[in-house]
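Novice: Residues per chain, in single letters:
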Amino acid sequence: MILSLQRVAWRNLQRNKLRATLLILSVALMTATLFSAYYYLHSIERSLDAGASRMGADLIVVPEGLEGSVENLLLSGIPTEARMSANVVEQVAHTEGVSQVAPQLYLKTYSGECCNVYGDFPIIAVDPDLDFTIGAFLLEDRPLERGQVIIGSYIGSWDAYGMAYQPHWSESVRLLGEDFRIRHLLHRTNLGVDKSIFMTIDDARRLAESHPKVNVGAEEISVVMVKISPGFTHEEVALAIKANLAGVDVFMGNKLAYYVENQLGPIKMLLYGGAILVLLMTVIQVLAIFSAIVHERRREIGYMQAMGATKGRIIVLFLWEAFWASLLGSLIGLLAILVLWVDMRHVLQNLMPIPIKFPWYGDGIIVSVAVIVLAIFVTLSAMIAPVWWSMRRDPYQTVRDGE
Amino acid sequence: MLEVRQVSQIYGKKERRRHVLDRLDLQIEAGEFVAVTGPSGCGKTTLLCILGALLQPTSGEVWLDGQLIRGINEAELADLRAQKIGFVFQFPALLPTLTLLENILLPLTFSQGKGRSREDGSRAIKLLEQVGLAGREKDLPFTLSGGEQRRVAVARALINRPQILLADEPTGALDQGTGERLIDLLETLNETEGLTLVLATHDALVARRARREVKL
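Chains as they are written, first to last, in my numbering: chain S, 1 to 403; chain X, 1 to 216.
To be clear, the hints were calculated from the coordinates, so they are not data collected in a lab.
Values in this document were obtained by computation on a predicted structure and should not be read as measured data.
Each residue gets a CB set at the ideal place from its N, CA and C atoms; glycine is no exception.
Careful: at least some of the hints might be erroneous.
[To be verified] Distance condition first, Cα-Cα at most 16 angstroms in a straight line; then the derived EDC-like pairs of lysine to aspartate or glutamate:
#1 S/227 <-> S/129
#2 S/311 <-> X/76
#3 S/242 <-> S/64
#4 S/195 <-> S/113
#5 S/311 <-> X/79
#6 S/311 <-> X/74
#7 S/108 <-> S/220
#8 X/215 <-> X/25
[To be verified] Here are some, though not all, of the chain X residues that point toward chain S, as calculated from beta-carbon distances under 10 angstroms:
#9 50
#10 74
#11 82
#12 106
#13 109
#14 112
#15 156
[Stated by the list, open to error] Covered stretches of chain S, as calculated for chain X (at least 3 residues, CB under 8 angstroms):
#16 12-25
#17 299-307
#18 392-398
Make the full structure from the sequences, and use the hints.
Specialist: Structure, rendered in structure tokens:
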């Protein structure tokens, strides 16, 4: 027959079920909030990294004289009619310090309906073999093929966001008299990208050939996104490109990341502030609940001492009680929030005002363990004070309390 | 075995000072059955707590088995209580979510970290039989009457094989019949096992059962 302190503590927790439930719920709420806050911000940070490697390519090569509209092109999605020769791509690629190039071509703005959403949607062509921009914001990794388009989240609308994951989902859009199957959606970015339609550069050239009004030359492109090799600075490579190529301008491509990061500042502060507040509130709640528990059992504490229990052992008993409550609470809170995140991730992605790229499961496990440890630590810390306070008195006094 | 020399206990400060015990001398031999009597507030519980090392007297000395109970640290005091002294309080204070057997084993858990050996379990079952509650090991305290709970508290106090059992108003709030049966039990333990028994009571009938009465 083993009657350990852990077992006594576990049974003690069941003495007042309502209070134990409230205690466990407090911890569960704290755990869920901490996990959400951290996981959400971690997701956004991952998304920012992806963003930096997207339109925020290290450098962006544009036709000369485009200065005023390059930010519009990058951030608001307002397209530019200025174009340059496709030969630029190869020349840029051969410049020292350049590791990757991805050309983009603005075809035209489509005005009409797509996925039950009406509006003006710029059509941007990318080279699926070279592109490193859209991939970072694809909801699922599926290659873009001939006759297919990828649409921004705004065009996708709520319905498409929910449906895009269904295997039977099939939607098409008619562009310049030709039907294109919608291959997939992009994450929400709150940028012009959300209202853009992306197709392959081959499809764009074919459409341009058959529609003279489109006015795109056979070998023209709008911009070249550039990634630089490690060991080179942005300035060095930009200067090298400018020196090799006439008729182009080169811009630093990290403006998108800065833009989103600036937008994120207050949200981050709010989230962290909220998490800290919840943490403090839980500490106060746990303190209040444990104070009540200890007060109620103060005479029992005296009896325990009479039975030969040292102060240390009594504290350990109460700590075990707090441990069980916090372990149970944190597991319940985590389970609930994980179910919510996993089950509602697509809806959450669409609801959030900024793009979200969820971490992989390993990260989730690490965060979960860290949150459980923190919840247990906080609860145990909140338990120590009232128990210690009650132990300061003589056993005799605690025995006689309430008589 | 137990000796009290010039023990005084004062509660409160300045004008609120109250002498509860005043230079008390008392000697209790091993195997004695002593009743401490007196009106409410005379210091019966205080004396029991001093004898049980739960309270350090304001002045005076208490010797247990030739050892002075003063100036020893908290762990040694706890060890002393666990090894030599059993307490039965006016309120049985059984843990409501533990079975009767687990409640009896509780002092072992507190003194050793856990009550674990088969021997401990067997002793607890035997004690339960001794207090007339055989077969009810797995019952929870709420299924017991007040008198039965008090008997479980006696069994719990005996699990560590103490040399001395201190009982504070053990029959308080019990009807006369139940109270008498509890005293029968304590008397039997005193007679058969040589357990030193010190009992605080304001009940003259209970005091009469003791071999010696100490009036405060």
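Novice: With reference to the structure, classify each hint as holding or not holding.
Specialist: Here's how the hints hold up against the structure:
1. At most 16 angstroms may separate the alpha-carbon atoms for a hinted pair to count; residue 227 of chain S and residue 129 of chain S meet this at roughly 15 angstroms.
2. Distance restraint check for residue 311 of chain S and residue 76 of chain X: the Cα-Cα separation of roughly 12 angstroms lies within the 16 angstroms cut-off, and the hinted pair is therefore satisfied.
3. Between residue 242 of chain S and residue 64 of chain S the alpha-carbon distance is near 10 angstroms, which keeps this suggested pair within the 16 angstroms criterion.
4. The straight-line distance between the Cα atoms of residue 195 of chain S and residue 113 of chain S is roughly 12 angstroms, inside the 16 angstroms bound, and the hint therefore holds.
5. Proximity of residue 311 of chain S to residue 79 of chain X is assessed by CA-CA distance (about 12 angstroms); at most 16 angstroms being required, the pair is judged to hold.
6. In summary, the hint linking residue 311 of chain S to residue 74 of chain X is supported, as the alpha carbons are separated by about 8 angstroms, within the 16 angstroms threshold.
7. Taken as a hint, the residue 108 of chain S and residue 220 of chain S pair is honoured in the structure, with Cα atoms around 14 angstroms apart against an allowance of 16 angstroms.
8. Of the pairs offered as hints, the one joining residue 215 of chain X and residue 25 of chain X holds, with about 12 angstroms between alpha carbons and a cut-off of 16 angstroms not exceeded.
9. Interface restraint check: residue 50 of chain X against chain S, minimum CB-CB distance 8 angstroms, threshold 10 angstroms, status holds.
10. Annotation: interface hint on residue 74 of chain X holds; nearest CB of chain S at approximately 6 angstroms, less than 10 angstroms.
11. For residue 82 of chain X, the shortest C-beta to C-beta distance to chain S is roughly 2 angstroms, which falls under 10 angstroms, so the interface hint holds.
12. With its C-beta approaching chain S no nearer than about 6 angstroms, residue 106 of chain X sits inside the 10 angstroms limit, and its interface hint holds.
13. Hint status for residue 109 of chain X: holds, given a least beta-carbon distance of 5 angstroms to chain S, under 10 angstroms.
14. For residue 112 of chain X, the interface hint holds, the least distance from its beta-carbon to any beta-carbon of chain S being 9 angstroms, beneath 10 angstroms.
15. Checking residue 156 of chain X against chain S by beta carbon gives a least distance of about 8 angstroms; that is within 10 angstroms, so the hint holds.
16. Look at the region 12-25 of chain S against chain X: 3 of its residues bring a Cβ nearer than 8 angstroms to a Cβ of that chain, three or more, so the hint holds.
17. Check result for the region 299-307 of chain S against chain X: holds, 8 residues qualifying (beta carbon to beta carbon below 8 angstroms, three or more required).
18. With 3 residues having a beta carbon nearer than 8 angstroms to a beta carbon of chain X, the region 392-398 of chain S meets the requirement of three or more and the stated coverage holds.
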